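Trainee: What follows is each chain in one-letter form.
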Amino acid sequence: MSNMKLTRRGLIKTGAVAGATGLALPTYLRADGHAGFLNAPQGSTVTLGFNVPQSGPYADEGADELRAYELAVEHLNGEGDGGMMNTFTSKALQGNGILGKKVEYVTGDTQTKSDAARASAKSMIEKDGAIMITGGSSSGVAVAVQALCQEAGVIFMAGLTHSNDTTGKDKRANGFRHFFNSYMSGAALAPVLQAAYGSDRKAYHLTADYNWGYTTEEAVRTSTEAMGWETVNTVLTPLTQTDFSSYIAPVLQSGADVLVLNHYGGNMVNSLTNAVQFGLRDKQVNGKNFEIVVPLYSRLMAKGAGANVKGIFGSTNWHWSLQDEGSKAFVKSFGTKYGFPPSQAAHTCYVQALLYADAVERAGTFNPCGVVEALEGFEFDGMGNGPTLYRAEDHQCFKDVLVVKGKEEPTSEFDLLEIVEVTPVEQVTYAPDHPQFAGGSLGTCNPGA
Amino acid sequence: MGLNKKDFTLLLIVAILCLFAPFILNPFPEGSALAQFNAGYPDLMQRLVIFGIFAIGFNILFGLTGYLSFGHAAFLGVGSYAAIWMMKLLTMNVIPAIVVSVLVAGVFSLLVGWISLRRSGIYFSILTLAFAQMSYSLAYSVLTPITGGETGLQPKVDDPRILDRVLEISTSQRANLFGLDMNTSHVVRLGDWAFTFNAGYYLAAIVMLVAFYISIRIFRSPFGMMLRAVKSNQQRLNYTGLNSKPYTLAAFVISGMYAGLAGGLLVAMDTQVGAERMFWTASGEVVLMTILGGAGTLIGPVLGAGFIKYMENIVSKINKSILEQWFAFMPDGIEDLLITLVYPFIGKGWHLTLGILFMLVVIFLPGGLVEGGQRVGRLFKRKKPADDKPDGKTTPAE
Amino acid sequence: MDAIILQILNGLDKGSAYALIALGLTLIFGTLGVVNFAHGALFMIGAFCAVTLSRILTLSHEVIDETKTDFLGNPLKVDVPYIYDIFGQATGDVIIDWAVPISILFAIPVMVGIGFAMERGLIKHFYKRPHADQILVTFGLAIVLQEIIKYFYGANPIPTPAPDAFRGSFDFGAMLGFDPNTIIYPYWRLVYFAFAAVIIGAVFAFLQFTTFGMVVRAGMADRETVGLLGINIDKRFTIMFGIAAAVAGLAGVMYTPINSPNYHMGMDFLVLSFVVVVVGGMGSLSGAVLAGFLLGILESFASMAIVLETLPGINQIIIYLVAIIILLTRPRGLMGRKGVMEE
Numbered sequence: 000m001s002n003m004k005l006t007r008r009g010l011i012k013t014g015a016v017a018g019a020t021g022l023a024l025p026t027y028l029r030a031d032g033h034a035g036f037l038n039a040p041q042g043s044t045v046t047l048g049f050n051v052p053q054s055g056p057y058a059d060e061g062a063d064e065l066r067a068y069e070l071a072v073e074h075l076n077g078e079g080d081g082g083m084m085n086t087f088t089s090k091a092l093q094g095n096g097i098l099g100k101k102v103e104y105v106t107g108d109t110q111t112k113s114d115a116a117r118a119s120a121k122s123m124i125e126k127d128g129a130i131m132i133t134g135g136s137s138s139g140v141a142v143a144v145q146a147l148c149q150e151a152g153v154i155f156m157a158g159l160t161h162s163n164d165t166t167g168k169d170k171r172a173n174g175f176r177h178f179f180n181s182y183m184s185g186a187a188l189a190p191v192l193q194a195a196y197g198s199d200r201k202a203y204h205l206t207a208d209y210n211w212g213y214t215t216e217e218a219v220r221t222s223t224e225a226m227g228w229e230t231v232n233t234v235l236t237p238l239t240q241t242d243f244s245s246y247i248a249p250v251l252q253s254g255a256d257v258l259v260l261n262h263y264g265g266n267m268v269n270s271l272t273n274a275v276q277f278g279l280r281d282k283q284v285n286g287k288n289f290e291i292v293v294p295l296y297s298r299l300m301a302k303g304a305g306a307n308v309k310g311i312f313g314s315t316n317w318h319w320s321l322q323d324e325g326s327k328a329f330v331k332s333f334g335t336k337y338g339f340p341p342s343q344a345a346h347t348c349y350v351q352a353l354l355y356a357d358a359v360e361r362a363g364t365f366n367p368c369g370v371v372e373a374l375e376g377f378e379f380d381g382m383g384n385g386p387t388l389y390r391a392e393d394h395q396c397f398k399d400v401l402v403v404k405g406k407e408e409p410t411s412e413f414d415l416l417e418i419v420e421v422t423p424v425e426q427v428t429y430a431p432d433h434p435q436f437a438g439g440s441l442g443t444c445n446p447g448a
Numbered sequence: 000m001g002l003n004k005k006d007f008t009l010l011l012i013v014a015i016l017c018l019f020a021p022f023i024l025n026p027f028p029e030g031s032a033l034a035q036f037n038a039g040y041p042d043l044m045q046r047l048v049i050f051g052i053f054a055i056g057f058n059i060l061f062g063l064t065g066y067l068s069f070g071h072a073a074f075l076g077v078g079s080y081a082a083i084w085m086m087k088l089l090t091m092n093v094i095p096a097i098v099v100s101v102l103v104a105g106v107f108s109l110l111v112g113w114i115s116l117r118r119s120g121i122y123f124s125i126l127t128l129a130f131a132q133m134s135y136s137l138a139y140s141v142l143t144p145i146t147g148g149e150t151g152l153q154p155k156v157d158d159p160r161i162l163d164r165v166l167e168i169s170t171s172q173r174a175n176l177f178g179l180d181m182n183t184s185h186v187v188r189l190g191d192w193a194f195t196f197n198a199g200y201y202l203a204a205i206v207m208l209v210a211f212y213i214s215i216r217i218f219r220s221p222f223g224m225m226l227r228a229v230k231s232n233q234q235r236l237n238y239t240g241l242n243s244k245p246y247t248l249a250a251f252v253i254s255g256m257y258a259g260l261a262g263g264l265l266v267a268m269d270t271q272v273g274a275e276r277m278f279w280t281a282s283g284e285v286v287l288m289t290i291l292g293g294a295g296t297l298i299g300p301v302l303g304a305g306f307i308k309y310m311e312n313i314v315s316k317i318n319k320s321i322l323e324q325w326f327a328f329m330p331d332g333i334e335d336l337l338i339t340l341v342y343p344f345i346g347k348g349w350h351l352t353l354g355i356l357f358m359l360v361v362i363f364l365p366g367g368l369v370e371g372g373q374r375v376g377r378l379f380k381r382k383k384p385a386d387d388k389p390d391g392k393t394t395p396a397e
Numbered sequence: 000m001d002a003i004i005l006q007i008l009n010g011l012d013k014g015s016a017y018a019l020i021a022l023g024l025t026l027i028f029g030t031l032g033v034v035n036f037a038h039g040a041l042f043m044i045g046a047f048c049a050v051t052l053s054r055i056l057t058l059s060h061e062v063i064d065e066t067k068t069d070f071l072g073n074p075l076k077v078d079v080p081y082i083y084d085i086f087g088q089a090t091g092d093v094i095i096d097w098a099v100p101i102s103i104l105f106a107i108p109v110m111v112g113i114g115f116a117m118e119r120g121l122i123k124h125f126y127k128r129p130h131a132d133q134i135l136v137t138f139g140l141a142i143v144l145q146e147i148i149k150y151f152y153g154a155n156p157i158p159t160p161a162p163d164a165f166r167g168s169f170d171f172g173a174m175l176g177f178d179p180n181t182i183i184y185p186y187w188r189l190v191y192f193a194f195a196a197v198i199i200g201a202v203f204a205f206l207q208f209t210t211f212g213m214v215v216r217a218g219m220a221d222r223e224t225v226g227l228l229g230i231n232i233d234k235r236f237t238i239m240f241g242i243a244a245a246v247a248g249l250a251g252v253m254y255t256p257i258n259s260p261n262y263h264m265g266m267d268f269l270v271l272s273f274v275v276v277v278v279g280g281m282g283s284l285s286g287a288v289l290a291g292f293l294l295g296i297l298e299s300f301a302s303m304a305i306v307l308e309t310l311p312g313i314n315q316i317i318i319y320l321v322a323i324i325i326l327l328t329r330p331r332g333l334m335g336r337k338g339v340m341e342e
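Protein chains in written order, with numbering that gives the first Met the number 0: chain A, 0 to 448; chain B, 0 to 397; chain C, 0 to 342.
Just so you know, the hints here were simulated from the structure itself, not pulled from any lab data.
Treat the numbers as computed from the prediction; the structure is a model and nothing was measured.
Certain hints may be false.
To be verified - Among chain A residues calculated to face chain B with C-beta under 8 Å, some are:
1. 112
2. 211
3. 284
4. 287
5. 372
Even for Gly, the Cβ is constructed at its ideal location relative to N, Cα and C.
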């Protein structure tokens with residue numbers, strides 16, 4: 000009766016590392032002789048793991064990511080109107096699942112904590128047999144889960160993560176990022192700021208005191224200083240801070256005439272609200288109007304800050320008002336299904352799911368190493384943001400970046416940002432060995448078994 | 000082993016539970032609707048025993064002396080950081096990592112305990128909370144070069160790992176025990192059931208049994224008696240000419256070392272550390288585990304830890320489409336109604352379920368889950384009045 | 000000099016929020032002897048009273064505007080608040096604009112009701128239970144309350160602006176003879192400070208100068224004796240719980256324009272307010288208020304750029320560092336009584 004079958008899960012890895020193992024353990028391949036990689040799909044279905052924040056401050060963003068994934072699964076399985084599959088330049092996807100296998104999914108809660116996110120991802124890999132993990136709403140989580148996926152041997156398609164580190168010092172061969180990063184925000188914003196506010200400005204930075212804040216401040220500072228701005232002061236604020244009054248009050252005294260808020264999420268909502276409360280935007284300093292800049296915008300956070308975002312510049316990965324065919328198709332199918340336009344987090348997650356599926360189709364295998372090969376150096380279009388490259392050296396997407404401004408006359412609660420400029424990809428491209436991204440290496444892809 | 004019969008039985012029961020956990024936690028066949036409730040996968044099994052160790056250690060302080068520390072997560076975090084640095088600098092073998100994590104946490108808890116134990120009651124709680132929150136805040140921000148800050152620390156390809164290089168053991172970045180990879184698993188299939196036996200889990204389980212054994216010995220020792228005396232009336236103890244401080248400090252350090260051990264094991268099983276591990280909610284969690292399970296009892300904290308980790312990992316993963324599968328056999332109207340009623344409590348609503356269950360347990364079972372077990376036990380005993388002895392498993396230590 | 004004055008202002012303002020929450024916590028602890036971990040949740044619910052009222056005021060019906068289109072290209076549906084239909088657009092706008100101050104009237108009965116329900120329904124049964132049980136059950140309640148709010152209002156912060164008249168800031172510097180723009184302070188924060196001062200004053204006056212307050216104070220000092228005198232002290236304590244809930248709720252209502260409320264704002268304040276209460280000394284009302292302002296001011300000083308340059312990261316830990324120093328030098332906090340919560 001006892002039918003012993005040795006399996007796929009968590010067995011010691013071959014290839015790159017196994018050769019040197021002291022006490023070499025036997026490596027078992029799956030009994031049905033399928034190619035040797037972790038969680039190879041069995042039967043007629045394939046399981047993807049959607050790991051998004053469902054509790055904690057980013058729960059609403061996570062909910063939007065989940066909506067996008069559900070939509071992507073529908074489209075991959077040939078239900079619904081197909082969305083971006085119709086505009087995507089790669090035509091490998093047939094609408095019959097991935098490699099003919101119906102797409103199923105499991106969900107988990109990252110809680111926006113790296114431990115919880117890893118626990119949830121591990122349960123998807125170990126218990127549910129997920130072949131790919133995707134999602135997340137912070138760089139801490141993205142880096143932690145990316146490292147886990149590398150170690151376990153599955154693909155990680157990052158959700159919303161903006162820190163340079165994700166594809167910089169913490170990059171991994173099994174991880175891919177579609178979202179843009181701090182450097183790109185700085186590079187895209189600087190020319191627009193120069194055009195709007197001139198090149199003789201004094202900037203005061205308030206920066207969230209953790210990795211993402213550091214990389215964003217550095218990126219914005221370097222690119223604004225390059226065009227002639229002076230940085231008067233930079234002050235670090237604790238992540239847990241809710242009332243920013245004591246940081247904002249001294250800004251005017253410093254002689255600065257621009258305030259840069261390197262904050263995201265609740266921090267950004269509160270610091271911006273506080274800054275407007277202090278009347279900074281009505282002031283004149285050095286004979287110029289005082290201005291505020293928010294390097295990373297998200298529509299959900301703009302909603303939290305309400306009328307305070309009006310006229311304030313920032314950058315964003317994608318916005319539903321884009322008029323290219325891909326964006327229009329996505330907004331239409333998302334809007335029809337849910338009744339409101341998608342956020343940038345939803346867009347990036349939807350695209351990541353499609354890109355993964357497409358890479359598997361083109362590779363002809365679910366083997367992570369095949370997928371990595373198919374994604375590296377992959378060029379595509381029709382997914383919003385224009386022609387895009389998944390760079391082989393660091394697994395970062397290079398595409399146009401949007402500079403946006405808080406809209407003065409919003410027509411609905413979703414219509415909060417207007418696109419000021421679509422910064423072309425050349426302007427935000429950097430060398431793989433750029434100092435802001437130094438100190439990491441991809442390693443080799445890990446198929447897990 | 001220096002245990003009386005009752006304690007030995009208890010230890011034996013725990014050992015058997017640990018040994019057969021892969022079976023016990025996977026009661027439902029793979030692919031069935033109830034498979035969602037299976038907890039027998041390596042990561043969760045590891046977490047259950049590791050947080051069990053954390054709670055056992057916390058209970059030595061809180062359960063025996065009554066001192067409510069609100070900062071124990073800091074010791075867990077410090078232990079974790081020590082362990083990951085061992086892995087980055089020395090070797091991926093888990094032994095040095097675990098040993099050093101216990102030692103470092105011990106030293107840190109000695110420092111915190113020496114200061115905090117100058118006060119008692121809520122003043123002590125706030126002092127420990129303050130130390131833990133400072134550790135968290137600094138680890139997340141200014142100490143980023145040491146702690147990795149927001150993105151935490153993971154082993155990387157280019158870490159020095161001196162011992163591994165010198166001995167030419169392996170270039171792998173996976174935690175191992177003399178070459179035995181912590182992730183190694185064997186799956187046994189019996190019909191539709193799949194049971195996973197994981198090396199890391201069994202290592203953690205053995206460590207927990209040792210930790211549990213030591214905790215029984217402490218509970219039954221003269222030292223444990225002294226700690227209980229501190230709880231019942233510290234003033235009277237002091238009047239008898241005894242200085243209670245060395246005893247409470249010893250208990251504090253021991254429980255800090257347990258926390259460090261748990262932290263080290265967490266890294267051994269899953270090679271990553273983030274600062275959130277030290278946030279006050281993490282300290283609060285171990286308090287909840289201990290009280291929920293039954294403070295001052297031997298087995299209670301382990302039960303409480305299992306309860307909370309199970310909720311966190313299982314209930315949060317149930318989503319709407321799974322609900323739809325479950326209720327698919329019902330007529331449409333009733334299906335929709337059931338989904339609407341259940342939906343707020345699962346998936347993203349798992350916190351709500353946890354909160355409600357907390358309240359129910361505290362309101363109706365003042366002694367925690369252990370008391371629940373006792374009541375059930377008594378229910379059965381009443382039928383056989385001859386056998387009136389309370390069973391070992393559920394007797395509170397007091 | 001001007002920088003210091005500015006940070007004192009900031010500190011007083013931050014401190015007034017801490018003091019209000021800590022005051023309520025101490026009231027409950029002092030009267031009922033219960034450690035209420037759900038107090039932060041009461042603050043949060045107060046804030047959501049303001050959100051709810053402004054939602055009620057802007058309750059709308061849809062009017063289709065054929066001239067504009069929505070994001071899918073369909074005719075735009077414009078929401079028209081019912082209040083426009085009742086009072087006309089001009090008056091309607093004024094009422095909506097003043098939603099936050101109006102919410103005070105709405106929040107008092109709601110919060111007192113919630114306070115009564117909590118005390119009678121749950122906390123009453125925990126008087127004789129250990130403090131650890133009280134903490135656990137109220138913590139569970141706090142989670143449940145915040146999850147309910149999250150279910151209905153989402154996790155995102157919800158902007159709740161102050162009335163137009165209070166937007167912008169006031170130039171103190173010019174008044175004191177400094178250069179313009181050196182010491183500016185938002186009107187609404189001044190309102191918040193004044194409001195806190197009034198509430199704190201009212202609570203103290205109520206306890207000091209009314210018979211009811213006298214009985215309550217006597218009950219706090221020696222509950223049994225007061226009971227033996229034939230006074231129904233329990234009923235009065237229940238009322239005190241309602242008052243404490245209302246104080247927390249009002250602190251929340253008035254806080255909404257300062258920071259957009261979200262469902263976990265209560266938890267954000269919870270730990271901090273406990274530190275404030277303990278630093279002030281368990282059971283001491285004036286200690287709680289004093290510690291609230293003290294920690295608020297110190298926190299503001301720690302966030303000054305010049306301080307951060309010499310001591311990086313001090314803004315992360317200042318509150319806890321001060322708490323440790325005070326508790327080590329003064330065993331029972333600033334004004335604590337001996338023997339309270341020391342076992």
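Trainee: Against each hint, give a clear statement of whether it holds in the structure.
Mentor: Evaluation of the provided hints:
no.	hint	result
1	112	holds (4 Å)
2	211	holds (6 Å)
3	284	violated (29 Å)
4	287	violated (33 Å)
5	372	violated (19 Å)
Hint compliance for this structure: hints 3, 4, 5 are broken, all remaining hints hold.
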